[in-house]
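> Chain A is fixed; fit chains B and C onto it per the hints.
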Amino acid sequence: MRRRAFLGQASAVGGLGLLAACAPGSDAPEPGSATGPAADEVDKDVAALGDVTLTVWDQEVRGAQNDAITALIESFQQKFPNVTVDRHSQSFDDLRQQTALALSGNDVPDVLQVNNARADMGEFVKAGQLTDLSGYSEAYGWEDRFPASVLAKSRYSADAVTFGEGSLWGLPQTGEVVGIYYSAAKLEALSAQVPTTWDELIALVSAAQAAGEQPLVLGNIEGWPALHVFGPLQAHYVPAEEIVSLGMGNAGADWTSEGNIQALTQMAEWGASGAFGDSPNGQDYDAAWAAFTEGTGVLLIGGSWLGPDMEKVLGEDLHFMAPPAGMDGKVATTGGTGLPFTIPAKAKNAVAAAAYIDFITSSEAMALIAENGGMPVLETAALAPDSGVNKEIYEAFDAVSTSGTLLPYLDYATPTFADTAADTLQGVIGGQTDPAAAADALQADYGEFTAAS
Amino acid sequence: MPTSSSPAAAPADRAPARAATGAGGPAQPASGAPRRRRRRPSPVARTAATPYLFLLPAFAVYAAFSLYPLLRAAQFSLYDWSGFGPSTFVGLSNYLDLAGDAAFRAAIGHALVLIVFYAVLPLIVGLVLAAILRRGQVRAMGIFRTVIFLPQVIALVVIAVAWRQIYAPSGPLNQALRALGLDSLARGWLGDPGAALPAVGFIGTWLEMGLVMLLLLAGMSRIPNDLYEAVRLDGAGPVREFLAITLPSVRGEIVVALVLTIIAALKTFDLVYLTTSGGPGRATTVPSYEVYRRAFELKDVGSASAVAIVLTLLVFVINLLVTRIGERPA
Amino acid sequence: MRVSRAEQMMNYAVLALFALFALAPILTIVRTAFAPRIGESPGLHPENLLEAWRIGGFAESLGHSLVVAVIVVTCAVVLSVGAGYAFGTMRFRGAGLLFPLFLLGLMIPAEAVVIPLFFDLRTLGLTDTYAAIALPQIAQSIAFGTFWLRAQFRSLPPSLLEAAALDGAGPLRALTRVLVPASLPAVITLVVLVFMWTWNEFLIALVMAPAGRLRTAPLGLATFQGQYTAENSLLAAGAIIVALPMVILFLLLQRHFIRGMLEGASKE
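Protein chains in written order, with my numbering: chain A, 1 to 453; chain B, 454 to 783; chain C, 784 to 1051.
Among the clues, some could well be false.
Unchecked claim - Here are the simulated DSSO-like pairs of lysine-lysine, each with C-alpha atoms no more than 30 angstroms apart in a straight line: (1) A:K391 with A:K153; (2) A:K346 with A:K44; (3) A:K346 with A:K79; (4) B:K752 with A:K186; (5) A:K391 with A:K312; (6) A:K348 with A:K79; (7) A:K153 with B:K752; (8) A:K348 with A:K186; (9) A:K79 with B:K752.
Just so you know, these hints were derived from the structure itself, not from any lab. All of these numbers come straight from a predicted model, not from anything done at the bench.
Extracted from the complex, chain A is given alone in its bound form (with noise of 0.2 angstroms):
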């Protein structure tokens, strides 16, 4: 009885909460509504500012990028002494939880690191937390200094329905392209060569998995980095184009088409016969690379950023050659820049921000990059290495850019594709998904996607 009377009272006390509470989010701004300066109101004078501190987060934690950053901030902190960096790096995913989080709050950074992906700079250009930098790119001439196919993949109308054009919301600084690397002392005990087809690769992966090694290394426990290995892979049975569509979120491709099913077969197959070892969804990303620098594994189909680290372990035995030509006859892998540095739009110190922006990509900071053992996303040709990985790396990003196609991650298509494609592969690959759901599956968002804008 008591409790009965209780209860009462209780949500007699709750109905009048909800009457005083205000409906979430009606005082927010209206989405859709950030902008930036216009050329000619942008502000360049940094040192007329005082004394500043900017703060910075980036996610590059890893060794050569986190030396180029560093080195990149003292000379800017030399160039502009009023100006003191405040940095603060983390994980790729951490800093995306964070961002998530922290950008619609009033404490932001200055400078901040974004995924290109619709669920990340697409959602918060849509919130109207980013700054346009169109002005800043007119007047301190980005749009010379980049081509136009890196610019496009940091633009976005301002509802952020259109990717690839529209306002100019970041700038990347880094070179990306996803490769194979291998070990040359593995291959010759196998005496195996240096694939050139996919088909050969193929043969490879069973040659060695017979002979008793592991052939391919994938530490996946975060369900992004299959991504990494099947972007490549799907080239080889679908037509570069059309991956183009499905990576970006436009309309006009399917992904229960049968190249796409027979590349998730593939997938199911390595996964299925232990290709990828015992356990690569049980396996972190970076313990994975580290274990195939002590000798586990003869093929790791991974990110450029991941050389200059293995190097340091494996030194001249380490390799890297562009994914072989995809069914279109070119090669196509994925790749492009590094994460592009945005302003967001509650930055205290925008003025300084862009100065640190523009320092941060111009000619001087991708020597530096380079010289720190990275990629820089410009001038690869001029600043490659004469030796090392980074040498052979520097030449696959060239021949990709220039004469083939550099295919977008997969998981900019939507808001929700980087969620679904991660589920989807750990479930191809652990064998709990059959391709044919797998394809429905991730076809199931894209289209939903597409069909609504």
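Same frame as chain A, now just chains B and C:
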């Protein structure tokens, strides 16, 4: 209770038990209540306002940061909102969507599996350990008690780091299995859809057994020794003694332990977030993780709030059930 | 009570087995913390702790944890003493409704309140403050503390208060001079518990301070894990740094603490 694994939520949750059965009546001062002199609140409190003055600060903070947000969550669950910009009132459709949402149903199923690992297994282990300690003649009893309780004291982040390394494909667990020739059992525990959920659950068993043991020990230490002497004179062995004396005497503590560990099982956010992020696929997602994922990753605050409300109701209902069953006369 | 020698051996075997089970993961992490990092010579590497301390920024995050813990413990205990005092020793209208309302707080999961708290405090511009991290935890601890201290104050003999009244003490004086000193063990147990929960709290610290300026030690460790996934030994060293203060506190106070729990659990 800030942390799901909080040991000493223990005594606390005897309280919900009593509240739920309607015993939370006006607080009578303990035995020998003071004479009613001019209906004062207490011998030292002179005015009727005094109790409220002492209560007010605590109640204000508690209401503002616990009760009110819960009501707000209920309100949010009726809206379609991405976390910024305007929202749309959608009535109960977030809840209706949950009914057809495979990820959510899976999360509820996983939570029920976790209850086995967090509540049932620790209860069995805890009963055995407490009974052994109670039967006496265990030297260094304090050391065993402290050591087995120790996992409760350690931050879940630390526990996640430790177990993630233990479960890694080339980690200590697999090394041990291979050394024993059990290669077929070795696997990447957190990446195998069949093994990941039990693997996370097992951490819970490890974590909660010390708490359950301590609670039961508190109950058992109140059983008078003569009871045991009596059944032993009848020639009862340890098993019969346990069933006849020990078990019936700690029914109350069992209820408390179950309530606590079940709540902990339903609130396994930290461990899932830090070990598997709900993967592989959605094999280890639980309601508390879905709340976070929907709100801050998928940016569907309405749906997240609906999950939060369902989770809260689940906690209430299971609490009520356990205490009801536990307090039914034998 | 006497038990047979065989049974006694069995008992020790079972206890030792579970003690080992409880300790094994902890020992694993300690062992890993002193193991060589990738590409270093084998042997003991105690410098991992220093290295983790430096790279992980634990000086800062432990400091934040300490500030949050002190705020939460102080406020929660003081407020709970007040509420427990009212419920435990006074008769007043509405007690029958209010007390269950406090108990409700023991069952409200942090997951349920953290979403509205985040968005509402964001609107007020209060995220990324100590208040945002501390207040929700104070509220949760008050629910427990009120229950805990109400039971404690009720268990004291009523003659204490009557004697205080005869001495002419007011309600505040009676509380601070008589009841609290008589309840010191229970209060200290509460302090340790609340400190421990606050020190180990993850979700609230994660969500309420997204800008990362007030990152607490558990969060610092989580970020550290994201960055150095492959460096098991550094990670283990960081884990030890975060766990150690609480473990030391527990081991120092364990006799007292466990007795407090055992006694508290049997108070009505």
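> With the threshold set at 30 angstroms, check whether the alpha-carbon distance from K348 of chain A to K186 of chain A stays at or below it.
53 angstroms, violated
> Checking one constraint from the list: CA of K752 of chain B to CA of K186 of chain A, max 30 angstroms. Satisfied?
Not OK: K752 of chain B and K186 of chain A at ~46 angstroms, beyond 30 angstroms, violated.
> Does the structure keep K153 of chain A and K752 of chain B at a Cα separation of 30 angstroms or less?
Given pair K153 of chain A, K752 of chain B holds - Cα atoms ~23 angstroms apart, limit 30 angstroms.
> Hey, K348 of chain A versus K79 of chain A, does the alpha-carbon distance stay inside 30 angstroms?
20 angstroms, holds
> For the pair supplied as a hint, K391 of chain A and K153 of chain A, is the alpha-carbon distance within the 30 angstroms limit?
The given pair, whose Cα atoms are some 25 angstroms apart, holds under the 30 angstroms limit.
> Checking one constraint from the list: CA of K79 of chain A to CA of K752 of chain B, max 30 angstroms. Satisfied?
Not OK: K79 of chain A and K752 of chain B at ~41 angstroms, beyond 30 angstroms, violated.
> Check the hint pairing K346 of chain A with K44 of chain A against an upper bound of 30 angstroms on the C-alpha distance.
Between K346 of chain A and K44 of chain A the Cα gap is close to 18 angstroms, so the pair holds against 30 angstroms.
> CA of K391 of chain A to CA of K312 of chain A, is that 30 angstroms or under?
15 angstroms, holds
> Check the hint pairing K346 of chain A with K79 of chain A against an upper bound of 30 angstroms on the C-alpha distance.
Given pair K346 of chain A, K79 of chain A holds - Cα atoms ~25 angstroms apart, limit 30 angstroms.
Violated hints, listed in ascending order, are 4, 8, 9; each of the other numbered hints is respected by the structure.
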